[in-house]
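Sequences listed follow chains X and G, in order.
With the working numbering applied, the first sequence covers 1 to 336.
With the working numbering applied, the second sequence covers 337 to 830.
Mixed in with the good hints there might be a few duds.
Stated by the list, open to error - A few chain X residues that face chain G, going by a derived Cβ cut-off under 7 Å, partial list only: (1) Ala-187; (2) Ala-188; (3) Ile-196; (4) Gly-202; (5) Glu-225; (6) Leu-227; (7) Arg-233; (8) Ser-272; (9) Arg-276; (10) Ala-317.
Stated by the list, open to error - A few chain G residues that face chain X, going by a derived Cβ cut-off under 7 Å, partial list only: (11) Ala-379; (12) Ile-473; (13) Gly-516; (14) Val-519; (15) Gly-522; (16) Asp-535; (17) Ile-656; (18) Ala-663; (19) Val-664; (20) Thr-670; (21) Ala-675; (22) Gly-677; (23) Gly-741; (24) Asn-742; (25) Leu-787; (26) Leu-789.
Calculated from the structure, these hints are not laboratory results.
Source: prediction; values computed, not measured.
Glycine included, each C-beta is placed from N, C-alpha and C at the ideal position.
So the chains spell out like this:
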Amino acid sequence: MPAAPKGPVTSHRVAARRAWASLLVTALLSACGSSPDEAAFPSRPIEIVSWATPGGPSDLLARALADAAPEHFGGQRVTVMTRQGGAGAAGMQYLKGRAGDPYVLGVFTASGTVNMATGRIPFAPGDFTPILRIQIDPFLVAVREESPFRTLADLIEAARARPGEVSMSGFGAASAHFLGFQRLRAAAGDPDIRWIAYEGSGDAVVAALGGHTDAAHTNYNIVREHLRAGTMRVLAVALPLTALRDTPTYLDEGYDLTPVHWRGVVGPPGLSPEVRADLRERLLATIRTAGFQEYMARAAMEYAVMDDSDAFGAWIAEEVETSRALLGRLGLLMNE
Amino acid sequence: MTEFGQGLATALQPANLAALLGGSVLGVFAGAVPGLSSTVGLALVLPVTFALEPTPALLMMISIYMAAEYGGSITAIAIGVPGSSPALATTFDGYAMTRRGEAGRAFGISLFASMSGGILGTLLLVAALGPLSRAAIAFGPPEYFGLGVFGLAIVANLVGSDPLKGIISALLGLLAFIVGLDVLTGAPRLTLGTTVLMDGLGLVPMLIGFFAIAEALNGVAGRRENVEGAAGMRGALPAFRALFRLWRPILRGSAIGGVIGAIPGAGATIASIVAWNEERRVSRTPERFGSGEPAGIAAPEAANNACVGAAMIPLLALGIPGSASAAVLLGGLTVQGVAPGPLLMTEQASLVYALYAGFIVAVVFMLGVGRLGIPLWVRVVSLPPRILMPLVVGVSLIGAFVLRGNLADAWFALFFGLAGFLMLRRGYPLAPAVLGLILGPMVETNYRRALALSSGSHTVFLESPIALVLLLLAAASFAAPALRSRLRSGRATG
Chain X
1 MPAAPKGPVT SHRVAARRAW ASLLVTALLS ACGSSPDEAA FPSRPIEIVS
51 WATPGGPSDL LARALADAAP EHFGGQRVTV MTRQGGAGAA GMQYLKGRAG
101 DPYVLGVFTA SGTVNMATGR IPFAPGDFTP ILRIQIDPFL VAVREESPFR
151 TLADLIEAAR ARPGEVSMSG FGAASAHFLG FQRLRAAAGD PDIRWIAYEG
201 SGDAVVAALG GHTDAAHTNY NIVREHLRAG TMRVLAVALP LTALRDTPTY
251 LDEGYDLTPV HWRGVVGPPG LSPEVRADLR ERLLATIRTA GFQEYMARAA
301 MEYAVMDDSD AFGAWIAEEV ETSRALLGRL GLLMNE
Chain G
337 MTEFGQGLAT ALQPANLAAL LGGSVLGVFA GAVPGLSSTV GLALVLPVTF
387 ALEPTPALLM MISIYMAAEY GGSITAIAIG VPGSSPALAT TFDGYAMTRR
437 GEAGRAFGIS LFASMSGGIL GTLLLVAALG PLSRAAIAFG PPEYFGLGVF
487 GLAIVANLVG SDPLKGIISA LLGLLAFIVG LDVLTGAPRL TLGTTVLMDG
537 LGLVPMLIGF FAIAEALNGV AGRRENVEGA AGMRGALPAF RALFRLWRPI
587 LRGSAIGGVI GAIPGAGATI ASIVAWNEER RVSRTPERFG SGEPAGIAAP
637 EAANNACVGA AMIPLLALGI PGSASAAVLL GGLTVQGVAP GPLLMTEQAS
687 LVYALYAGFI VAVVFMLGVG RLGIPLWVRV VSLPPRILMP LVVGVSLIGA
737 FVLRGNLADA WFALFFGLAG FLMLRRGYPL APAVLGLILG PMVETNYRRA
787 LALSSGSHTV FLESPIALVL LLLAAASFAA PALRSRLRSG RATG
């Protein structure tokens, strides 16, 4: 017989903890009732807008936040609001339209900055209030076990020797994944490696696993199980990961660059510095909860918290600029 | 076998049974409401599963997935609107049977075939999870291209009396799929400079527009054939003996669903249409298909439920979500700390066996929930169209909005409704356009990917045995109706 489920115990404990937390907060609030409007935040449910694919990494981050947040948001319900469409434009428009409203947040990622850079969507970093970056997801190059390439240098050598014959599958065209790959390629002196775009990161890894492409440019969580099973190998990773201790980094391979996918939280435009600081503190507490830490470990994500909101804003702006410069160099800007 | 017994014991624990039952009810509902689908149902319970232990969470999700594939056939049979896209083929014969006043019979066939397909798909999963899983990745760009072309060739059998109109309809579907961002270059195509059209027009708005709104407009215009009133409605379920007589279409449909379902990205909609077409091809009375042939319900319904178990093969063994629903399921697994992949079977065997057993229990619950629902569906069918159709349109439009939380989708549905109405009035069949929208992206992107990988050489499609066979089958399938009629007229004159 499998072990008896320990579910009810844990969930009761969580529920009890939540009930106590909300009771405590209510008591505190009624104790200091001088300026109800300020003391009352949050006095109604919070929304986190998700414009990503349901079940995908960004959507899961939104849901993990919503799950862990209530105890740090006065026991209020935190719900994920799905607003898909227009390469994220529908969700961003919704968030932008709620100017000054601290009850709505959005999960913002590298994909958002790339879509801004291409000109695909009519938004700029200034349309949102940066709050904090939570995680990074370094890019890596993986091959299937049978691949002749043992190192990143092997792959780049092969591409130099046989221009256009080495293929790399990855998520999307003019996407964050694509630009991460292009930065690596540029650093290696522009060898002719063919980028084969797929609808999702999983599809791109399957293409490499099935031998249809020579390598996949993806993230650790997508290939984790194949690495453990020995059906795939990582040639190099952009940043050192604890789980990939023995894998060379791009820097080890002689390329001084660290292209990463990243995800954080932004608010609508026009949040005052005080409101923003308050939201940041609550979110920081949220991502330190045991439940959220468990999600991070299970999803194979690395904490890379940038809790200086201004620095996060500058990072977003810089990402847009870097992406735009690279797209321009590749002739992929839309409005030109 | 002891592992399976333990799995069954786990699945039968009260909390797990409750999760399975809840999932079945929700799944049938999500499947039956146009606009909602197994994907939406799964996405809706994803937050709920956060609070559950892994086993009940996953059992609830697979039971939604399973039941939704059956649920889609309810609306397809009752009102001719596919509740979700895999039920498209079920509308052909299911709704025709309802119009004959035999809704109960159609519901019974669909439920029995869904149950059988669900069980056969699960058996395939149990048998193939270990050894055959790597076969799923043999499908590369040339093979997907072949499969897509094979699917499109079915248009020739869907067109009805005027082949030219059918082909034009398919081309309109292909035109509609082009709208949106090009997967391979990221460039917007036919988006008219707006972000609204960037993610395309979407399959769900098309299904809702064509089958709910266009039909309703047709009714207003007085062209819709009225379903017999309640008095004439024979709600009687078919006898078991009659159902068992359908074992051949059910087996064939399940086999097709099992193979196509295991190929990542192909999906239940393609499987069920291929199954319907195959049944018609082998039938001695192909002309009866589309006018209420029992085998025309049994085969696609067996196929789309067989897909559920089959889609779990690449998901569990390789961590590859083969469909939008499987992608949400993967998200649920991730949150639960269950990492599907080559090691799952060795490291989490007890969970995998609980899933196997859960599938079987889910099928049983689906059967129970489905059976209890049939009298209700029969009564819904006998509502006068002037009440029923506005209701369907309203629910559908809400469904279209809920899918992505995007109001534009409701507008797209209205657009397709108007387009579909005009097409119907001029005698253009709608199903080929849907096929075009579903298969267009598979054909185009894989054609271009294959050429990018082969440096532009077309021989790549002939070098792959799978692709070659599929392309030859496509040619045969496309030519078959013309050859058949040539043969028949030859016989008549000779």
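The hints, checked one at a time:
no.: 1; hint: Ala-187; verdict: violated (22 Å)
no.: 2; hint: Ala-188; verdict: violated (20 Å)
no.: 3; hint: Ile-196; verdict: holds (6 Å)
no.: 4; hint: Gly-202; verdict: holds (5 Å)
no.: 5; hint: Glu-225; verdict: holds (2 Å)
no.: 6; hint: Leu-227; verdict: violated (9 Å)
no.: 7; hint: Arg-233; verdict: violated (14 Å)
no.: 8; hint: Ser-272; verdict: violated (28 Å)
no.: 9; hint: Arg-276; verdict: violated (26 Å)
no.: 10; hint: Ala-317; verdict: violated (21 Å)
no.: 11; hint: Ala-379; verdict: holds (4 Å)
no.: 12; hint: Ile-473; verdict: holds (4 Å)
no.: 13; hint: Gly-516; verdict: violated (9 Å)
no.: 14; hint: Val-519; verdict: holds (6 Å)
no.: 15; hint: Gly-522; verdict: holds (4 Å)
no.: 16; hint: Asp-535; verdict: holds (5 Å)
no.: 17; hint: Ile-656; verdict: holds (5 Å)
no.: 18; hint: Ala-663; verdict: holds (5 Å)
no.: 19; hint: Val-664; verdict: holds (4 Å)
no.: 20; hint: Thr-670; verdict: holds (5 Å)
no.: 21; hint: Ala-675; verdict: holds (5 Å)
no.: 22; hint: Gly-677; verdict: holds (2 Å)
no.: 23; hint: Gly-741; verdict: holds (4 Å)
no.: 24; hint: Asn-742; verdict: holds (4 Å)
no.: 25; hint: Leu-787; verdict: violated (11 Å)
no.: 26; hint: Leu-789; verdict: holds (6 Å)
Hint compliance for this structure: hints 1, 2, 6, 7, 8, 9, 10, 13 and 25 are not met, and every other hint is.
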